[in-house]
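Novice: Residue-level listing of the chains:
Protein chains: 2
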Amino acid sequence: MSEMNLLIMNQSELACFLPGRRQREVEELIAPCCVIDAEMMEPEEWAELLARHNPKVIVGGWSLPQLPDGVSWMAPRLEYLCYVPGTVRDKVSCKMIEKGLLVTNWGRSISRTVAECALLLGLSCVRRSGYWNDRMHHHGEWKDDFVTTKSLFDRRVGIHGYGAIAKELIRLLSVFTSKVTVFSDGVPKGVFDYDGVECSDSLNSLFSENDVIFEVEALTPERVGVVDEALLRSIPEGGAFVNVARGDLVESKGLLNVAKEGRLQIGLDVFNEEPLPATHGLRGCMNVMLSPHIAGPTTDRMVDAGDHAIENLKRFCRGEAVVGPITPEVYERLT
Amino acid sequence: MSEMNLLIMNQSELACFLPGRRQREVEELIAPCCVIDAEMMEPEEWAELLARHNPKVIVGGWSLPQLPDGVSWMAPRLEYLCYVPGTVRDKVSCKMIEKGLLVTNWGRSISRTVAECALLLGLSCVRRSGYWNDRMHHHGEWKDDFVTTKSLFDRRVGIHGYGAIAKELIRLLSVFTSKVTVFSDGVPKGVFDYDGVECSDSLNSLFSENDVIFEVEALTPERVGVVDEALLRSIPEGGAFVNVARGDLVESKGLLNVAKEGRLQIGLDVFNEEPLPATHGLRGCMNVMLSPHIAGPTTDRMVDAGDHAIENLKRFCRGEAVVGPITPEVYERLT
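Sequence order for the protein chains is A and B.
For reference, each letter of the first sequence is one residue, going -2 to 332 in the working numbering.
For reference, each letter of the second sequence is one residue, going -2 to 332 in the working numbering.
Bound-form chain A, shown alone (with noise of 0.2 Å):
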C-alpha cells in the first residue's frame, strides 16, 4: 500500500475550484497526494484505487464517485471527505459519518452569493424589470404613464431564516435604508436582541406587515408548506415574495394561485420540483421572476468553496476542529 491522499477532481474542477496557487496548496497540505480524474471510473476500479492508495484525505468535486459501503475495510485509514461542492448525500452515507468520518462541503462559504441572487430577484421584483425585458423584447413596448414602480429604499423587508444566507442579505440590504425584520422559529429572541436584529413575533406577522419578503430558512421536515397560501395572501397588496431557500418550505398549488392573480411580484430560484416541469404553470407568469436554481455560487466564485476547502484542510491538519461539520444531523437536513 501505498498510503496516499487522493484529490479526486477532473481539470474543470480543479480550474474552477482551485485556480492559481490553490490546486499546489492543497497537494503539500494533503502531501503525499495523487491527483486523478475518477469521473469515467468503474465501481471497481475505484474500489481498488482507494485500497491501493489507502487514503487519509479525500478531497473531491462534483466527479469524486460515491463511497462504497465497505470502504472502511478497503481504506481503514480514511478520516476525512473534505467535498468541495454541495450535496454530499450521494457521495458518503450518513451511516459512515456515524461511524466517525469527518465530512465537510462548501458550507457557508457560498451564502453571499446567494444572498446577492436574492437581492437581485427583491429589486426585479419591486422594479417589475422581468415583466419589462419581456414586454420589450416580444412585444415591442414602450412604457406609459401608467407605469409603477417600486424601490428597496425605505420598504418594509421581512426575511424568514436567520442563517448564513439571512445575515448577508441583511448586510447587502443595509445600503438600502429597508427596515428590516427577521422570523426563524428556532431562534431565541436574545439571539436577535444581542444582533441588534428586529424580529417578528410570528411567521403571520412577519408577511402581513411586511412588503417584501424573502424566503432563506432551512428546510425542516416540520417546515414542509410552512409557507402556505393564506400566508402568502397576507403579503400587503403590491408587495413582493421571493424565494432562494427551497422549493418545499412553499405549498406550491397556494404559490400557484396567488401567482396567476398578479397582485404579487414573485421571484423563484427554487421550485418544489426540480428541474420545473416544462408546462408548469408558473411558466408565463409575468409577475413571476424565475431563475433555474443558480442562486448557490456562481461560476467565478466556485473558488470561494476552493479557498473554504483549504482553511478546513489547514485545521484538519493542525488538529483543530474543522467548520461546518456535516454532522449526521446535519445530513439529515441536507437535500
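It should be emphasised that the hints constitute simulated quantities derived from the structure, not laboratory data.
Possibly wrong hints are sitting among the right ones.
Since the list can't tell identical chains apart, any single copy or any two copies may satisfy a pair.
Unchecked claim - Dumping the calculated SDA-like pairs for lysine to any residue here, alpha-carbon to alpha-carbon at most 25 Å:
#  : residue 1 : residue 2
1  : Lys257    : Glu138
2  : Lys257    : Tyr328
3  : Lys140    : Asp245
4  : Lys257    : His134
5  : Lys186    : Asn284
6  : Lys92     : Pro218
7  : Lys140    : Asp297
8  : Lys257    : Trp139
9  : Lys96     : Arg260
10 : Lys257    : Cys282
11 : Lys88     : Asp141
Since we're looking at a predicted model, the values are computed, not measured.
Following the hints, complete the assembly by docking chain B onto the known chain A.
Specialist: Just chain B now, with coordinates in the frame of chain A:
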C-alpha cells in the same frame, strides 16, 4: 390683484409628490397660496390666472402649463419656479432664467433610485437573469451542466461619470467587495484622491481594465457617441455594460453590433431614440436586459422629490441659496 402663490398639481401629483403632511407644509410655506389643477387649462386661461394672482412662487408638477413668454409682465412678482419633477425645458425658457427667474427641479433627490436601477441591471447582467427568465417562461427550459453565472463580488467595476448617481452607486456597491474605478473627464484627479476613489487615466483604460462598466456620465455635446464600438469591444470577454444615463452617450450602431455578437452582457434603460422603435434590433437580443427609461425615481420614491422641493422652499423663504438651481449652463445640458 390677489397676490397669491400657486401650487399647480392635479390630485395624483399631490398624492405622489406631497403625501401626508407635505401638501399642508408647502401651502404654509408659500401662504397665501391657491392649489390649482391646471391640466386641462387653455393658454389664455393660464395667462389670465398668472396675471390675476401675480405669484412670487410657483410650485408645479408635470401638469404645470408652460410659462408664457410674457410671464414677466403678466406676473411681475414671480421670483421662483419650484418645479418638483425633472424636465423643466418644456415649462420654462432659458431666457426667463437668464432674466433672473430662479428655477429648481428634483435635482439629486432621485439619484439613489437611478443608482439602484444601475445595480439591478448590473446584477441581472452578471447572473444573466433576463436570459434565464426568458428561457424558463417561453422555452420550458431548465439549466444544463454548462451554465455560467457570475457575481459582483470581487469583480473589477468601472464607472463612467462622477456625479450624484455615481456616488450613490459606489455606496451601493460598497457591500460587494468589488474593486471600483471611476473615470470622468471633467473631474480633477485631486477630487478622486480626496474622496478616496480609484480613478482611471482614460476612458480607454476604464473600459479595457474592468469587467462590469456602468455608464452614469452627464450628456454634453462633446460626449455624444463617446462610447463607441471600439470602446465597447475593449471590455474583456464575458464582461458587462450598463447604461442608465443617456442613450446618446453611446454610438448606437456600434452598440447594436456588439450586442448582437453576444460576447458581452448588456443592461440598457436609455436609448438614443425613445421610445425605442418597436422593430429595433436590440429587441430580441437576449443578452441585453431592456427597460423603458424607468431608472428615474420609482413611483414610491417620488416623495423624495417632494421633500427636496420643501427643503428648497424653506431655504427660499429664509433667503438662503437653494440646492441645485437650474442656471443657464445647467439648462443647456438638460435632456
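Novice: Now, for every hint given, state plainly whether the structure supports it.
Specialist: These are the hints, each one checked on the structure:
1. Lys257 with Glu138: both (22 Å within a copy, 20 Å between copies)
2. Lys257 with Tyr328: neither (36 Å within a copy, 46 Å between copies)
3. Lys140 with Asp245: between (36 Å within a copy, 19 Å between copies)
4. Lys257 with His134: Both: 22 Å inside a copy, 14 Å across copies.
5. Lys186 with Asn284: Neither: 35 Å inside a copy, 45 Å across copies.
6. Lys92 with Pro218: Within. Shortest intra-copy distance 20 Å satisfies the 25 Å Cα cut-off; inter-copy 72 Å does not.
7. Lys140 with Asp297: This pair counts as between: shortest inter-copy Cα distance 17 Å, intra-copy 35 Å.
8. Lys257 with Trp139: Close inside one copy (24 Å) and across copies (21 Å); limit 25 Å.
9. Lys96 with Arg260: Intra 52 Å, inter 50 Å, cutoff 25 Å: neither.
10. Lys257 with Cys282: within (6 Å within a copy, 28 Å between copies)
11. Lys88 with Asp141: Between copies only: 21 Å across, 54 Å inside.
The structure does not agree with the numbered hints 2, 5 and 9 stated previously, though it agrees with the rest.
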